Amino acid sequence: MSAGFVLDLHRCVGCGACVLACRIENGRETTAAWRRVLPLNLRRYDAGPTYFLSVACHHCDEPACLQGCPSGAYEKRPDGIVVHVEDRCLGCRYCEMTCPFGTPQFDAGRGVMSKCHLCAPRVDDGRAPACVATCPTGALQYAADVDNAQVRPFVPGFADPAGCRPNLRFRTPAGSTRAARFDALEERLRT
Amino acid sequence: MTNQGHAPLVVFTSLAIAGAGIVAVDPLLRETAHAAVSTPALTASVALQAIALIVSLLHLGRMDRAPLAARRTGPSPLSNEVVIAGAALAASAALLALGWREPAPAAMRSLAGALCAGLLIAIGLVYRIPAQLTWTGPAAITPISAGCAFGAVIIQALVPDLDGVPRAVIALVGIDAAIFLLRWQEAASLDVSVVGRVAGPFWPRRHPWCAARFFFLDVLPLPLLLVWPTPLVIAAAAAGLVVDRVAFYGLAVQQTTEREIDRVDEVIRLQPARVGSESTSRPAKSRL
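Same order as they appear, the protein sequences are chains Y and F.
131 is the number of the first residue of the first sequence in the working numbering; add one for each residue after it.
307 is the number of the first residue of the second sequence in the working numbering; add one for each residue after it.
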């Protein structure tokens, strides 16, 4: 089982409420935000669709952070959530180099790394992660097992060249001009 | 991690590669060129390795947890590097202590040489990271090739009765030159229009950096050895090694979601708006 997020690109309006909710829930400073919203084609060029990628840790099946960590500061729970054990972190920042998604953040104040834990305490209580619970459009969803979701693993702007198998899935626009642009962009990137 | 954040790693790897390189090539040179690491060179090696370990300790966010670095020896390349670095320093220091009055046993020299060679390999493996687009090819081999070339040049520079440059030294420098040329070629072949926007200020000047590294470490020391100005040889090789490490970290390009979006944005921007049109895509005024 692999817990993760599902992001509906048609619904996400890039409001940043998920980022704010994450900071409030987890007490993050602005320099070490666990979630970020990244716009694609913000200048709205004709040749591609415009959408927003709300990304945090993808709780990969083969997490590069966990595999490289010298002190065992990362653990993968049975439900698939990758947690960072702060008491074991040296602050060597190696995970910052190994993650192909730029996820782990260095917390200079505490001298350790930090990253999204998928609001594990909330999930254990049967509640949705703070970012999911706050999303006003329902674009960001939590999935206890993303493999069961009928969604796409990759979209333009999100790639996994390191073979980490991230647990983020996407719902993409269908039956519209935007969808046509989306498909055309994917085709161009393939060629 | 930004290029600025790499500064302690430049210092650590420069010192560790220099220190380990001297001891690593000693057994090889002793057999083929009748040259052996001298006491001053060995003393310098031990000092460099010790300072390198201190620098690596100081760059940690939590120095008090440094012993945990060896916790995942085996699976983690960084743990392996730390453990081998400690063992190489201990063996080099033992070699220095044993050889202070009389030549150290050959077995001890071989052990120290093997551990230092292991450290050079381990340093390369630490940075063989799939997420780092410019470190996965020949760059992962340059620590051992550069370390051996540096060590050979330094040992030869300190041999009192040099009669020409031994073939082993020429071979080690030549191997490093060949490997570095591959690394340079790889850096030159990456698409700078995409990579350059996220790679920092080093990337547009990668050719001068690579040329300086090649000149100081692989070209200049050999003729200087023949002329025999020892300080100049050491200065040139040391400069080459430092430039090598600065360029290694300076030319780092990490795969991140931001970089991937940048790449796709560039594809969209450069795409013709319509089939048959010569103009590139244009921003729309009000359309998502």
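Among the hints, erroneous ones may be present.
Stated by the list, open to error - If you want a taste of the chain Y side facing chain F, the calculated C-beta under 10 angstroms gives, among others:
id, residue
1, A163
2, Y224
3, R240
Stated by the list, open to error - Take a look, some chain F residues computed to stay more than 12 angstroms from chain Y by CB distance:
id, residue
4, P314
5, P373
6, A376
7, T536
Said to hold, decoys possible - Derived DEER-like restraints, expressed as beta-carbon distance ranges:
id, chain 1, residue 1, chain 2, residue 2, range
8, Y, D217, F, L364, 34 to 42 angstroms
9, Y, A310, F, R434, 38 to 46 angstroms
10, Y, E216, F, Q491, 38 to 46 angstroms
Treat the hints as calculated values from the structure; they're not laboratory data.
Model, not experiment: these values are computed from the prediction.
Ideal Cβ positions, reconstructed from N, Cα and C, are used throughout, including at glycine.
In rising order, the numbers of the hints this structure does not comply with: Per hint list: 1, 4, 5, 6 and 8 violated.
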